[in-house]
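Peer 1: Listed below are the residues making up each chain.
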Amino acid sequence: MIWELLLTRYNYIVVALLLPIGAYMMIENRNLVKKVIGMNIFQTGIFLFFITSAYREGGSPPIVGSGGEAATYVSPLPHVLILTAIVVGVSLTAVALALIVRIYTEYGTLDEVNLREVRADE
Amino acid sequence: MTFTPLEAVTLVFVLGCALTAALLRDVLAAIIASAAYSLGIAILWIVLQAPDVALTEAAVGAGVMTLLLLLTIAKTVRPENENEFERPNLRSLVVVVAFAGVLLATVPALPAIGAADSPVAGGEVTQYYLENAYEETEVSNAVTAVLAAYRGFDTLGEAVVVFTAGVAVLLVLRREVFV
Numbered sequence: 001m002i003w004e005l006l007l008t009r010y011n012y013i014v015v016a017l018l019l020p021i022g023a024y025m026m027i028e029n030r031n032l033v034k035k036v037i038g039m040n041i042f043q044t045g046i047f048l049f050f051i052t053s054a055y056r057e058g059g060s061p062p063i064v065g066s067g068g069e070a071a072t073y074v075s076p077l078p079h080v081l082i083l084t085a086i087v088v089g090v091s092l093t094a095v096a097l098a099l100i101v102r103i104y105t106e107y108g109t110l111d112e113v114n115l116r117e118v119r120a121d122e
Numbered sequence: 001m002t003f004t005p006l007e008a009v010t011l012v013f014v015l016g017c018a019l020t021a022a023l024l025r026d027v028l029a030a031i032i033a034s035a036a037y038s039l040g041i042a043i044l045w046i047v048l049q050a051p052d053v054a055l056t057e058a059a060v061g062a063g064v065m066t067l068l069l070l071l072t073i074a075k076t077v078r079p080e081n082e083n084e085f086e087r088p089n090l091r092s093l094v095v096v097v098a099f100a101g102v103l104l105a106t107v108p109a110l111p112a113i114g115a116a117d118s119p120v121a122g123g124e125v126t127q128y129y130l131e132n133a134y135e136e137t138e139v140s141n142a143v144t145a146v147l148a149a150y151r152g153f154d155t156l157g158e159a160v161v162v163f164t165a166g167v168a169v170l171l172v173l174r175r176e177v178f179v
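First to last, the sequence lines map onto chains D and H. If you read the first sequence in the working numbering, its first letter stands for residue 1, the second for the next number, and so on. If you read the second sequence in the working numbering, its first letter stands for residue 1, the second for the next number, and so on.
What the hints contain is simulated information worked out from the structure, not anything from laboratory work. Incorrect hints may have been included.
Said to hold, decoys possible - For lysine to aspartate or glutamate, the following EDC-like pairs were computed, each having C-alpha atoms within a straight-line distance of at most 16 Å: (1) Lys35/D - Asp111/D; (2) Lys75/H - Glu106/D; (3) Lys35/D - Glu86/H.
What the hints assert, rightly or not - Here chain D is said to cover these stretches of chain H; the calculated rule only asks that three of the stretch's residues, wherever they fall, bring their Cβ under 8 Å from a Cβ of chain D: (4) 97 to 109; (5) 125 to 134.
Said to hold, decoys possible - The following residues of chain H were derived to be distant from chain D, with all beta-carbon distances above 10 Å: (6) Pro5; (7) Leu6; (8) Glu84; (9) Glu176; (10) Val177.
Note that beta-carbon positions come from the ideal geometry of N, C-alpha and C, so glycine has one too.
So that you can see chain D by itself, here it is in the shape it has in the complex:
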């Protein structure tokens, strides 16, 4: 039963492992830059879920007419959504990193615990 699930739904299992890794990094890592990396891992986990759902056995990339009359294609719609999501994710990362640079110039630390102490002292 579990073996069969592993062989037919392996990508979904990886998604179910990547999301917790990303969540763990965001909760537990003290360095703010590593929290951002964790957020990216969480995001790509969700992307993997979408792209996997678009896959079709024996399908070719959705370029109409590339595989002859009877060709099957993978679904283009999740690909489009994820293309948009990747770009939005990078914008998000850029803003987060800009905030991190500003936090460092104001407080001189990127460590979550030290940062809390510095802010409490003020």
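Take the given structure of chain D and dock chain H to it, following the hints.
Peer 2: Below, chain H without anything else, positioned relative to chain D:
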């Protein structure tokens, strides 16, 4: 779909890179691990027949993202650490393992990968795009057709998000130009 060795190796590589990024304390090492992770994910997109997404992931995920992260530690600090690895915290581990358990419990309910009758790949919307995209837009790449024509407003929204992010970065850094 049959589980190919290439895909198995890529999936293990991706999971390994994510775990490495999570466990190494050194920020530079974590950034390198996350770049390798993005590259592994890009290979995975090729395996899943999504070349457009793979190109974007390799250029933006592995390229631009890594550059931004490296610029950030160049402008701030790369903290010196006595410990090589993060010390796992039991409380967060319990929460995260519970989260993984909940997600894994949903896996049997999902359709098998590549099934022809799966709601997305065999769905009505997909069929519509594949049958009519070329006639209605004269673009043979259905991904481009959906991105620029059918969901053009989405893409406009995306451009607005990128613009807003650029303005926000300038505001936060108190600068007037990027360079």
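Peer 1: Indicate, hint by hint, whether the structure satisfies it.
Peer 2: Now the hints, each set against the structure:
1. As the CA atoms of Lys35/D and Asp111/D are separated by approximately 11 Å, the hinted pair is consistent with the 16 Å bound.
2. Of the supplied pair hints, the one linking Lys75/H and Glu106/D holds, its CA atoms being roughly 13 Å apart against a limit of 16 Å.
3. Note on Lys35/D and Glu86/H: the hinted pairing holds, with a Cα-Cα distance of about 13 Å set against a maximum of 16 Å.
4. With a cut-off of 8 Å between beta carbons, the segment 97 to 109 of chain H has 8 residues touching chain D; three or more are needed, and the interface restraint holds.
5. Counting residues of the segment 125 to 134 of chain H whose beta carbon lies closer than 8 Å to any beta carbon of chain D gives 6, which reaches the threshold of three, so the coverage claim holds.
6. Its beta-carbon lying about 12 Å from the closest one in chain D, Pro5/H satisfies the requirement of being farther than 10 Å from that chain.
7. Every C-beta of chain D lies more than 10 Å from that of Leu6/H, the closest at about 13 Å, which supports listing it as non-interface.
8. At the 10 Å boundary, the C-beta of Glu84/H stays outside the reach of chain D, the nearest C-beta of that chain being 14 Å off.
9. For Glu176/H, the condition that its CB be more than 10 Å from all CB atoms of chain D holds, with the nearest at approximately 14 Å.
10. With a closest Cβ-Cβ approach of about 14 Å to chain D, Val177/H is found to remain outside the 10 Å limit, as its non-interface label requires.
In summary, the structure agrees with every hint in the numbered list given earlier.
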